[in-house]
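Enquirer: Protein sequences appear in the order of chains A and B.
Our numbering puts the first residue of the first sequence at 1, with every later residue one more than the last.
Our numbering puts the first residue of the second sequence at 1001, with every later residue one more than the last.
Because the hints were derived from the structure by calculation, they are not lab data.
Keep in mind that this is a model prediction, so the values were computed, not measured.
Cβ coordinates follow ideal geometry from the N, Cα and C atoms, glycine included.
Accuracy of the hints is not assured; some may be wrong.
For each label pair, taking beta carbons as the anchor points, the in silico distance ranges come out as [claimed, not checked]: (1) B:S1003 with A:E22: 42 to 50 Å; (2) B:G1029 with A:C13: 37 to 45 Å; (3) A:S18 with B:E1066: 43 to 51 Å; (4) B:I1012 with A:K14: 23 to 31 Å.
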Amino acid sequence: GAVVSQHPSWVICKSGTSVKIECRSLDFQATTMFWYRQFPKQSLMLMATSNEGSKATYEQGVEKDKFLINHASLTLSTLTVTSAHPEDSSFYICSAAGAQAYFGPGTRLTVL
Amino acid sequence: AQSVSQHNHHVILSEAASLELGCNYSYGGTVNLFWYVQYPGQHLQLLLKYFSGDPLVKGIKGFEAEFIKSKFSFNLRKPSVQWSDTAEYFCAVSSYNQGGKLIFGQGTELSVKP
């Protein structure tokens, strides 16, 4: 099946700093990618839809100025958590839309 | 708005027992339905999916699911579980024309005792 990678796989940062997470579709082009957030022992919550060459579409309650999404190419979407705080600590997962949704392995963010 | 409900938060079974995990969704239009599995420390893997056709769908590792449109349900079944099936299971739905945009259920943790 198709492969989606995420980088980094885990990151620890200080409160107030920004963190960028990359999502790449390695063997297919994805005009649409999705970003999810998963808290421990909970389900995946859709944060936003990333569209190549246009603005992302955010789900209700997700701060677009805090979670910046850029989808500059057909194989790369980035999520930047700006001015991160401890409550932003979570597991962030991307998926790329191909014949079906292909999920990346996730990025664990810990904000101290 | 779409929503997905999984009835069981945590299921504990012995090996060889039969499994059925409930999933109900709320959406008025045509949907695509999915079951994903997340093994400890690993990323999501697709178990099976329903787009159209035969409502009984067979997936990997001996899992199957039945789409019952009148009940808005898509329950996951396996006749005989193994210890290696211990994992978190997620039901998900997408609207027919929204590709990979998935709404997930709360997840069911399955623990299989050897």
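Enquirer: It remains to establish, for every hint, whether it holds in the given structure.
Expert: Hints, verified against the model:
In this structure the supplied range 42 to 50 Å is violated for B:S1003 paired with A:E22, their Cβ-Cβ distance being about 31 Å. The hinted range of 37 to 45 Å is satisfied by B:G1029 and A:C13, whose Cβ atoms lie roughly 41 Å apart. Range check, A:S18 to B:E1066: Cβ separation about 46 Å, and the 43 to 51 Å hint holds. Distance hint check: the CB atoms of B:I1012 and A:K14 are about 40 Å apart, inconsistent with the given range 23 to 31 Å.
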